[in-house]
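Novice: The hints should help you fit chain B onto chain A, whose structure is shown.
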Amino acid sequence: MDLWCKNCIKELEAISEIYEEWQEETGVKLIAISIDDSRNKSKLKPFINSKGWEYDIYHDPNSDFKRALGINQIPHTFLLNGKNEIVSEHIGYTDGQEEDLYEKIKKLFN
Amino acid sequence: MFCFGLFSQSNFSFSGDLQINGQTFQEDLSIGAEKREPNINSYLNLILDYKNYLKIGTRLELYRNPIPGFENYEGEGIAYKFVQFQKWNFDITLGNFYDQFGSGVLFRSYFDQNLGIDNSVNGARLKFKPSTGIDLTAIIGKQRNYWELGEGMIRGFDAQIYVNDYFFKKSRTTINLGGSFVTKKQKDNDPFFILPENVGAWSGRMNISKGRWNFESEYAYKINDPSFTNNYIYKNGNSIIVSGSYSKKGLGLVLSGKRVDNMNFRSERGATLQQLNINFLTSLNKQQSYSLATIYPYVTQPNGEIGLQFDCFYKIPKKSKLGGKYGTELNFNFSNCFTIHKSSPIDSELINEPGTLGYESDFFKIGDEKLFQEININIKKKINKQLKLQTTYINVFNNDKILKAQKLIENGTHEKIFANIFIFESEYRLKSRYTIKSEIQHLQTKQHFGNWGMGLIEANLKNIFFSIQDLYNYGNPTSPTHYYSVTTGFIKKSHRIELRYGKVRAGLFCVGGICREVPASNGFSINITSSF
Chain A
1 MDLWCKNCIK ELEAISEIYE EWQEETGVKL IAISIDDSRN KSKLKPFINS
51 KGWEYDIYHD PNSDFKRALG INQIPHTFLL NGKNEIVSEH IGYTDGQEED
101 LYEKIKKLFN
Chain B
111 MFCFGLFSQS NFSFSGDLQI NGQTFQEDLS IGAEKREPNI NSYLNLILDY
161 KNYLKIGTRL ELYRNPIPGF ENYEGEGIAY KFVQFQKWNF DITLGNFYDQ
211 FGSGVLFRSY FDQNLGIDNS VNGARLKFKP STGIDLTAII GKQRNYWELG
261 EGMIRGFDAQ IYVNDYFFKK SRTTINLGGS FVTKKQKDND PFFILPENVG
311 AWSGRMNISK GRWNFESEYA YKINDPSFTN NYIYKNGNSI IVSGSYSKKG
361 LGLVLSGKRV DNMNFRSERG ATLQQLNINF LTSLNKQQSY SLATIYPYVT
411 QPNGEIGLQF DCFYKIPKKS KLGGKYGTEL NFNFSNCFTI HKSSPIDSEL
461 INEPGTLGYE SDFFKIGDEK LFQEININIK KKINKQLKLQ TTYINVFNND
511 KILKAQKLIE NGTHEKIFAN IFIFESEYRL KSRYTIKSEI QHLQTKQHFG
561 NWGMGLIEAN LKNIFFSIQD LYNYGNPTSP THYYSVTTGF IKKSHRIELR
611 YGKVRAGLFC VGGICREVPA SNGFSINITS SF
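Those protein sequence lines, which keep their order, are chains A and B.
Taking the numbering used here, I'd label the letters of the first sequence as residues 1 to 110.
Taking the numbering used here, I'd label the letters of the second sequence as residues 111 to 642.
Among the hints, a few may not be true.
Rough simulated footprint, nothing fancy, chain B against chain A, three-plus residues with beta-carbon under 8 angstroms [said to hold, decoys possible]:
id, stretch
1, 23-29
2, 81-93
With the C-beta cut set under 7 angstroms, the calculated list includes, among others, these residues of chain B facing chain A [said to hold, decoys possible]:
id, residue
3, 129
4, 132
5, 359
6, 543
7, 569
8, 570
9, 639
By construction, these hints were calculated from the structure, which means they are not laboratory data.
Where a beta carbon is used, it is the ideal one built from N, C-alpha and C, also for glycine.
Just chain A, with the same shape it has in the complex:
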């Protein structure tokens, strides 16, 4: 994610509304990684707090992690199973896509 990437913010917002339920039902954990460069670094924490998000947020200021994963477009969402293997991924976000993601999470849980 990135502070000026609108779809990234939309996706994180949509999930934040149902995150508590997701966690109760499946124990899933969401980690958000920001690739904002140094100009937005000081804004990250205040911005995220103002939204009331409960995620773990990490900062990748020079896109090292992004490059290592071969990521091109953001938002780029990965779903990992209990063995830390990537089970599925998608780029972009349209309203309602979090429901598809949750179906996959539930399958993994069961």
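Specialist: What follows is chain B alone, placed relative to chain A:
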């Protein structure tokens, strides 16, 4: 060339990403677009990883008919390749690498294909953690310059210390300290001046946070570095950036200030534009995404700038009177920037004369010219399960006389620009994964090209997207013009393809204060990205 069958899956892993951009250019006199040969920019990144401790990577690039300013990229080849070994507390990279010290004020190498920036260092990097809480990095090499390497040799060292791992372990106050030292070396072949072959710079930074408060600061100093971009003056350089923030659930406040004095740092004295930058100077203003808000951008001034930025992020709670059922977001941003004070130095009556100390500058005084100012007010509200609305007002002042952000109209001059921008955006959800978004924007100004109006409708239908937009410069005194375009595309998992047809206005495309000129164009473009 790559046969997966030969490798056992659990030890080796292979990944990469691909990007292909193509564009056609037809002549269009109404917008000043020239006919050009179709342009292709593309790259393919490949990374092979063995047991997570050995990595080999490379990037193949291909460019045909690059746009003006990037002609030197023409051709194809490999300008990025590396071998990386990570084990115990060591991480060694040989070949090309990207890295950043602190906020990048002394050293940042990165890749931004859209801007045409790739200042990767070709050499060696060693990262070492002698114990928990201390990260050390040492680098040496030359930077990429299109298909060659810059002349200057860079050497650098950085240390990052997480103090709480040693002192104040149980404290709720977190303290991080860091420092770096970077030098560049280039032979002096100048017939007039005696130029320093070795230029060194150092910086110190700190970050303290406790509960809702956070404070960080970074100071950098560079010895004399006469170069083309500072007119060959012998003045030293320095910069400081300071930022404080307060945040809690529902509210975030940030106040930052910076001052930059002669901090252009390149690995070749004659380098210009975006070539061979060793460092990256943070610009303190809002990153804009709405199209009319990007017409008058701020361009970082490494030779001297002083400014501040304030942000407030507030969410009026859900179910309150003003907030409504879902809450309402209010965001406010203010930023400005000025030149720094300059007076004649002890060895000259004039300012900025080559071969002299250049100027003297009173640290706290602001210079004569205001460069930029922006006020952003944004309100976001979810009305119901189907509808979300957003309104933005932007007041911008851009000193185009100095920033030279815009192409000029016929017989026009660079001037100080005052503009007011209104934006209204709505998003309507038809059903899951089916949404329609619309935007209306208006920019009012008495300078330069005059007023603009803009409209956009975008439909996202599961994996397909489609949009139509028009930017109409109706206030243009000589030729009111429509810049319309149609876009469509498809996304599946981590692959995306986008096709566009239409007109693009001449202007600046900026990321973080670093800009590239975009010529006016009319034609087709295709953009394919894929991660695998």
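Novice: Please go over all the hints and tell whether each is borne out by the structure.
Specialist: These are the hints, each one checked on the structure:
1. 23-29: The restraint on the stretch 23-29 of chain A is violated, since only 0 of its residues have a Cβ under 8 angstroms from chain B and three are required.
2. 81-93: Answer holds; 5 residues pass the 8 angstroms Cβ test.
3. 129: 6 angstroms, holds
4. 132: This interface hint is violated because 16 angstroms lies over the 7 angstroms limit.
5. 359: This hint holds: residue 359 of chain B lies near chain A, its Cβ roughly 5 angstroms from the closest one there, short of 7 angstroms.
6. 543: 4 angstroms, holds
7. 569: It is violated, given that the least Cβ distance between residue 569 of chain B and chain A is near 10 angstroms, above 7 angstroms.
8. 570: Hint holds; residue 570 of chain B Cβ to chain A Cβ min 4 angstroms, cut 7 angstroms.
9. 639: Holds, because the Cβ-Cβ distance from residue 639 of chain B to chain A comes to roughly 4 angstroms (cut-off 7 angstroms).
Consistency with the previously given hints fails for numbers 1, 4 and 7, ordered from lowest to highest.
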